[in-house]
Amino acid sequence: MLSRVADSLYWMSRYLERAEHTARLVDVELQLWLDQSPETGAGRWRFLLEGLHAPGAKGAVDAAKLMNALVFSRTNASSIVSCIATARENLRHVREQCSSEMWEQLNRLYLDVMQTNPDEAWMLKSHGFFRAVQEGAHLFQGITDATMSHGEGWQYIQLGRYVERTDTLASLMEAHFKRNAQPADQVVESAEYLEWVALLRSCLAFEAYCKAYTAEIRPLRVAEFLILTPEFPHSVRFSVDRINAALHVIGDLTERREKSPTRIAGRLRAQLSFSQIEEIMGQGPHSYLENVRSECAAIHSAIHEIYFDYPIESEMAS
Amino acid sequence: MTATAQPSRIRVQPSFVRYQYETAYDEMFSAPGVPREHYQALHRTLLGMPQEELLKRQQAADLTFLHEGITFTVYGSKEGTEKIFPNDLVPRIIPSIEWAKIEKGLTQRLTALNMFLRDIYHEGRILSEGLIPRELVYSCKHFRREMRGLNVPRDTYVSICGTDLVRLPDGSFAVLEDNLRVPSGVSYMLANRKVLKRVFPTMFRDYGVWPVDHYPQALLATLRSLTPENCQYRQDPTTILLTPGVSNSAYFEHTFLAQQMGIELVEGRDLLVHDNVVYMRTTAGLRRVDVIYRRVDDDFLDPLCFRPDSILGVPGLFNAYRAGNVTLANAIGTGVADDKAVYAYVPEIIKFYLNEEAILPNVPTFLMTNGKHRNHVLQNLEKMVVKAVGESGGYGMLIGPHSTAQQREEFRARVLAEPRNYIAQPTLSLSCAPCLIDGEVESRHIDLRPYILMGEKVTLVPGGLTRVALRKGSLVVNSSQGGGSKDTWVLREGNGEDRVAKITSFERKAG
Amino acid sequence: MAYSVRHITRFRYEPAVRESVMEVRLQPRTDMRQRCLSFSLDVTPRANIMVYRDFFGNAVHHFDIPGQHEVVEVAAQAIVEVLPPTPSLATYACDWEELDERVAEGDYWEMLLPSHFARPTELLEKLRAELKLRRQGNPLELLQELNTELYESFEYAPNTTKVDSPIDDALEARRGVCQDFAHIMIALVRQLKIPCRYVSGYLYHEDKVKDRSPAGATHAWVEAYLGEMGWVAFDPTNNLPGCERHIRVAVGRDYADVPPTRGVYKGEAASELSVLVSVAPIDAPEPEELPPVMVIRSKPLNSASSLALDHQQQQQQQQ
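Chains D, B and A, in that order, are what the protein sequence lines are. With our numbering applied, the first sequence covers 1 to 318. With our numbering applied, the second sequence covers 1001 to 1511. With our numbering applied, the third sequence covers 2001 to 2319.
Hints may be right or wrong, so weigh each one.
[Said to hold, decoys possible] A few chain D residues that face chain B, going by a derived Cβ cut-off under 7 angstroms, partial list only: (1) 4; (2) 86; (3) 92; (4) 93; (5) 95; (6) 104; (7) 191; (8) 193; (9) 194; (10) 195; (11) 197; (12) 254; (13) 305.
Just so you know, these hints were derived from the structure itself, not from any lab. Heads up, the beta-carbon is just placed ideally off N, CA and C, and yes, glycines get one too.
Okay, chain D solo, but in the shape it has when bound:
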């Protein structure tokens, strides 16, 4: 597979994951916003920005403006619309590599979001929009799995999705734990309850969490669920497992198994599978998650250096 094509598929997938993630977060926040007083509401917007690792706005935040920046702005490369446009642009460059159903779906999603007109009234009925973005992304994922051969190209799509997911999950939790310093093993009170539910909802995890631990929310359990559960698709552990699997297949297909991305990802995976949540909470989830993010960044660079943009002379010698 052409390096450029792999690169585009990888980035397409990362951007789409990012668009979906942002849509989920903003949607959840908007629902919360309706429940809250204007003052608390303003504070929440800042949390949202932190959770997205977006450049933070100091002082008062205008909800409409912020919404526009996060959702529609073309100058903000990480806004939902920008992400979908970039994802589409990446796929457009490698259209012959995907199924026409995939292209049609992403193109339709793009045309839909481009047509949306963000006026005043839009914010209140925006739920439908965010649902459409999430569903559009899920549909794309389903179509991808159903119509594209699960070869090397598909693996880069997996890789992009889960590298992005690991990173965004870790950021979101990092921001959350920073401002919600409740005792780890106590049931959270009603004032903070909404915050924790919002976190779970932002990771599509509320229902799954309830099944595992009942609706009793304890920070320790939330952390365990979102970081260490191997079965839940929006957990760090799950995502890193997928990264590993994809890198192994790619390593075999390209005969580069011994190379650095596989090694770094393996290390991170081992770390996650042997970690105890008590330890993590004991040393502070912040530093643990920070480490996850930096390993994730290292995996990204290694993929780039081994598969996408390697020095030619090293290939000539072999």
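Starting from the structure of chain D, add chains B and A where the hints point.
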């Protein structure tokens, strides 16, 4: 039966009321209201189909094009650079006997043009015998001195060709121009067919139409038959399609063909040349490339050899080509044979190399380098079509009857300043065919671009792209200038009438 | 007369670049008037050197350096024997009619049609009127006169024009370097319907003769086709006929066909080009001091778009 189940709905059949009969050859009618034999079934179908149904089908077809991204890029327009290539639902039908002649004529023409290219880049017999002025060839901007003495596989310079044919008022076909560099549009031919088969399945089957869907396989076989001799593994040469990139007007076609052939679609930046061998950068390391179906112009292929400012090309590619380590299809320098001034000599070229008369005639052409021709043209500009020799796509053209006095003066000055750069042809009335315009059938001018492949053998996919000048009265069919296209049906045998007799009404979905 | 020629070209990039691909025309020609007895080419960093003959019969060496590098050095060394010119050139001098006949018989259009640098312009037309240049006398004498007239009408001034300057720059300022002199003469001679071509090479500078073009550099002059006499050389920069001191490396329609080095690389870098040329009779002792090195610096090209990452072209100025 839905037709009677909904008596309250008003049905309006499309009429031919707005249909104009012109002096040009009419593809459908031999006389006003009298369809030619092979068009009778189609005529009946159209008359029997409610207007709203036709509109619905046209909309469905348009949506297919949009969703599949069958688009082209218009240069020079700021927003909406991606547009759907308008397609028309009414097919154009060519009886088998007419096609047989086209097939023979185009094979003859391309064979001779390949011999011409081989000759001018080697011995130059046709030049030393004075049949074509040397000056004409050497001053052609697509003449590539670098190709002199260089041998190409099978002596085939042009392996992928799209020749534009027009039908003259007497019903005969003539060649308007040859496209021997990077002809495009074949994907629209395939897309039109795909859509039409969905829209008129029964009529299509009953007409007995030659399929065109095997074009990608035929193209791949042609490319592989041109594998360089230096290729170590001739059984499985690495064949790729080189595109200028996503902003190119024909990018959709590049992705489409690459996908259909199952080959890599690469850009210049994916390739590199080391020790005269071309490699592509893959995730598994560098991989050697043997055959390149390039959709990049000569000028941009290699910044070392041609335009140094090209960022689309591959530095050193020409050296690898010269060394015989890679095949480029089409070869470099084929543009000299589709230069519009050289075009005027094609009948003589056919005679010279094949000792045959041209089966398909040229359109009369005046060379502006010839003083007598030039005076005649300049005195009759309002009747002439003047074309810049090195341009294509309908750019750099004056259409006399539709021009203003100012435009004519402009062209007069241009011709006088650079006579070698222009030719003129009498304004042709391209043939007309029925097209669906806002639910009504109207007549529009059309041409025909069949695609010819030449490798180990010659392959013509029956039909080609029928281009339509969608603007009323317009003679310009280029997509960049408001043209569209329609499906072209070449009938397997006879004229189709006997086989379609059983179609009595319009096609309708069951239930 | 036999010469030893050294021609060293060094490109230095800051920061390092990669994937350099380069073509050089440095090997002196072997034909009726001269023989290249030996030629060697060394490239640093090490690269496989390949060679082909271009459509004008010039030897072209080319190579590529895939890895990162800050310097490319190309060192050419040749021993060339130049034969003395035919003694009684003038006896073969033809008249116009005979010349036209010969030109019509052969394949000379390449050297008659305008080319990239040698093309008619308004300023050239002005010069032609000023020199009252038209067909008269016999072709040889006319061109000899033209050679002298150009020498007198133009000042020799290094660094006034660039390697890719159109002739109008030199025509406007009435000064230029050898490349401009050659291009102007070619354009004028072709207008007389005499085939005329560009020659790149070296001029051996004797102590006793004062040439305008400097030692330690490449040189350029022209050759016109004059029937039975064949291709006759003129050096308008120095007001010289072709002589035993002219060493021919490559011929073409103009400079664009035969730059001594041409290359492309990837990366955005400032570059510095230095050139060293020395020409000495083969029996002369090695000079103790090498001639001064010519240095040309250029800034990195601004990439027009994010795509335009690669590419830069290096050519060297001739004098």
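Query raised in the report: Hints broken by the structure, by number, lowest first?
Result: 2, 7, 8, 9, 10, 11, 13
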